[in-house]
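Protein sequences appear in the order of chains A and B.
Residue numbering for the first sequence follows the numbering used here, beginning at 327 and increasing consecutively.
Residue numbering for the second sequence follows the numbering used here, beginning at -1 and increasing consecutively.
Worth flagging that the hints you see were computed from the coordinates, not collected in a lab.
Computed from a predicted structure; not experimentally measured.
Some hints here could point you the wrong way.
[As the list claims (entries may be wrong)] Restricting the straight-line Cα-Cα distance to at most 30 Å, the calculated cross-link-like pairs of lysine-lysine (DSSO-like) are: (1) B:Lys107 with B:Lys66; (2) A:Lys339 with B:Lys40; (3) A:Lys339 with B:Lys111; (4) B:Lys66 with B:Lys104; (5) B:Lys107 with B:Lys54; (6) B:Lys111 with B:Lys54.
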Amino acid sequence: EAGVTQSPTHLIKTRGQQATLRCSPISGHTSVYWYQQALGLGLQFLLWYDEGEERNRGNFPPRFSGRQFPNYSSELNVNALELEDSALYLCASSSRGLAGITGELFFGEGSRLTVL
Amino acid sequence: GESVGLHLPTLSVQEGDNSIINCAYSNSASDYFIWYKQESGKGPQFIIDIRSNMDKRQGQRVTVLLNKTVKHLSLQIAATQPGDSAVYFCAENRYGGSQGNLIFGKGTKLSVKP
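Construct the complete structure from the given sequences, taking the supplied hints into account.
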């Protein structure tokens, strides 16, 4: 069974540009989570999608946005890129949301975004 | 402020010894905790989880201990092996209204010396 897949693996952009990252969850998983992992830091929660709806959002500016498609895959968009957006962006999926229910997150290997 | 943090950012152990990785959390309302392992160049991988109605849970070579009184979580790895070298993250499930998400600590790097 395929795990969580993310694309692209690496992405280089310049300040002010837009970046789009993609994630395909494990088959059957309806929840997708996005995390930012800056160098030397922990994982910062960005967004949670479940059944096509945004369910929760971390403390990030509105230029970080995303969506979930009917097939449960997801896209993360970062507009007006800044240097500090350089990080590993991790996508995770689970069979159900964590709201009130235990749920293991299955992570992809991430998309490394470099902003020059 | 609220935080999930780790007492030791790095830990170096001898192969075969036991490892203990600690984590402090500040939100007493959190009721679910997970340990993840992240090897270089890979995404985090689930190790073990524990609900707040438990004090201890064991897996294969790993044990998680939860002390709700002092809001402390630890991961014990028995007979540490070179393949255990990685960054270990604890995470807590916090509730924001009716919906939650995992909040991760900064991580502890475990290095296993042969």
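Item to check | Given pair status - Lys54 (chain B), Lys107 (chain B), alpha carbons within 30 Å | outcome: Status holds; Cα separation ~23 Å.
Next on the checklist: Check whether the Cα positions of Lys339 (chain A) and Lys40 (chain B) lie no farther apart than 30 Å.
Outcome noted: Holds, because 22 Å separates the two Cα atoms, which is no more than 30 Å.
Next on the checklist: Run the distance test for Lys66 (chain B) versus Lys104 (chain B): straight-line Cα separation, threshold 30 Å.
Outcome noted: Distance of about 20 Å is within 30 Å: holds.
Checklist entry - Holds or violated: are the alpha carbons of Lys107 (chain B) and Lys66 (chain B) at most 30 Å from each other? => result holds, 24 Å
Checklist entry - Given the hint that Lys339 (chain A) pairs with Lys111 (chain B), does the C-alpha gap stay at or below 30 Å? => result Status violated; Cα separation ~39 Å.
Checklist entry - Taking 30 Å as the top limit, are the C-alpha atoms of Lys111 (chain B) and Lys54 (chain B) close enough? => result Satisfied, since the Cα-Cα distance of roughly 28 Å is no more than 30 Å.
Against the hints set out earlier in the document, a violation occurs for number 3 only.
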